[in-house]
Amino acid sequence: MKRKVILVTDGDFVAAKTLEVAAQRVGGSCISASKGNPTRLSGEQIFKLIKQAEREPVLVMVDDRGEAGKGKGESALEYLVNHPDLEILGIIAVASNSEIDNGIKVDFSIDKDGRKIDGPVDKLGSPEPQGNQYLEGDTVEVLDKLDVPLIVGTGDTGKMQGKDIWYRGADITTRAVKEILARSEK
Numbered sequence: 001m002k003r004k005v006i007l008v009t010d011g012d013f014v015a016a017k018t019l020e021v022a023a024q025r026v027g028g029s030c031i032s033a034s035k036g037n038p039t040r041l042s043g044e045q046i047f048k049l050i051k052q053a054e055r056e057p058v059l060v061m062v063d064d065r066g067e068a069g070k071g072k073g074e075s076a077l078e079y080l081v082n083h084p085d086l087e088i089l090g091i092i093a094v095a096s097n098s099e100i101d102n103g104i105k106v107d108f109s110i111d112k113d114g115r116k117i118d119g120p121v122d123k124l125g126s127p128e129p130q131g132n133q134y135l136e137g138d139t140v141e142v143l144d145k146l147d148v149p150l151i152v153g154t155g156d157t158g159k160m161q162g163k164d165i166w167y168r169g170a171d172i173t174t175r176a177v178k179e180i181l182a183r184s185e186k
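Quick note on numbering: the sequence shown equals residues 1 to 186 in my numbering.
Calculated directly from the structure, the hints in this document are not laboratory data. Where hints are given, some of them may not hold.
Stated by the list, open to error - Below, in silico cross-link-like pairs of lysine to aspartate or glutamate (EDC-like), each with a Cα-Cα straight-line distance of 16 Å or less:
1. Lys48 to Asp85
2. Lys70 to Asp144
3. Lys4 to Asp107
4. Lys163 to Asp147
5. Lys4 to Glu54
6. Lys17 to Asp171
7. Lys105 to Glu128
8. Lys178 to Glu128
9. Lys48 to Asp107
10. Lys116 to Glu179
11. Lys116 to Asp171
12. Lys116 to Glu54
13. Lys105 to Glu54
14. Lys116 to Glu128
Keep in mind the model is a prediction, meaning the values are calculated, not measured.
Based on the sequences and whatever the hints tell you, model everything.
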């Protein structure tokens, strides 16, 4: 049976704590060992950990730390998306101040106030100005080339001016995960 996975394009310490809380709130698991800025584990190593997870969905972090081209995080992400034993429910694309890439189109975003919006958000979780159609992030370049059912944009995981911090419930990230789960059940 395929494991149900949600990938998140962030992996620093704050993101890891936030995703652990979000996973707990939705009854899933978080692969904490996938944290790192950049990601330290290969896609194959992360896959083995996903197979051992007790509950689904399994939240997985992938991070490039702004590396130009395809870095370790994007290589791991690509491996996981293409693995036949995984069902990728969606990807949470995290905005950053990256000027390296051209950005990607998201299906929708969750802003810092927990609202679902049609366009992208910035690192702080604020809606991008009218006319900007792309979420800029340091681990999103490869997403346009992959077949995934849903891409949800958010600001910087666990931050967004304190509105997503783990010790207050990781509300924005949890909302993004719940939106992906709701869409996957249709």
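Pairwise hint evaluation, Glu54 against Lys116, where the allowed Cα distance is 16 Å at most: The hint is violated at about 30 Å.
Lys116 and Asp171: Cα distance at most 16 Å? holds (13 Å)
Taken at face value, is the distance from the CA of Glu128 to the CA of Lys105 at most 16 Å? Roughly 12 Å separates the two Cα atoms, so the pair holds.
Taken at face value, is the distance from the CA of Asp85 to the CA of Lys48 at most 16 Å? This hinted pair holds, its Cα atoms lying about 11 Å apart.
Does Glu128 sit within 16 Å of Lys178, going by the straight-line distance between their CA atoms? Given that 16 Å is the threshold and the Cα spacing comes to 23 Å, the pair is violated.
So if I understand the rule, the pair passes when the alpha-carbon distance is 16 Å or less; does Lys116 with Glu179 pass? Satisfied, since the Cα-Cα distance of roughly 9 Å is no more than 16 Å.
Can the restraint linking Lys70 and Asp144 be considered satisfied, given a maximum Cα separation of 16 Å? With Cα atoms ~13 Å apart, Lys70 and Asp144 stay inside 16 Å; holds.
Lys48 paired with Asp107 [C-alpha distance capped at 16 Å]: With a Cα-Cα distance of about 29 Å, the restraint between Lys48 and Asp107 is violated, given a limit of 16 Å.
Pairwise hint evaluation, Asp171 against Lys17, where the allowed Cα distance is 16 Å at most: holds (13 Å)
Next pair to validate is Lys105 with Glu54; report whether the Cα-Cα distance is within 16 Å. violated (33 Å)
Starting from Lys163, check that the Cα of Asp147 is at most 16 Å away, please. Distance ~31 Å between Lys163 and Asp147 Cα, so the pair is violated.
Verify the proposed pairing of Lys116 with Glu128, using a straight-line Cα cut of 16 Å. At roughly 13 Å apart (the allowed maximum being 16 Å), Glu128 and Lys116 satisfy the hint.
In terms of the numbered hints stated before, the structure departs from hints 3, 4, 8, 9, 12, 13, listed from lowest to highest.
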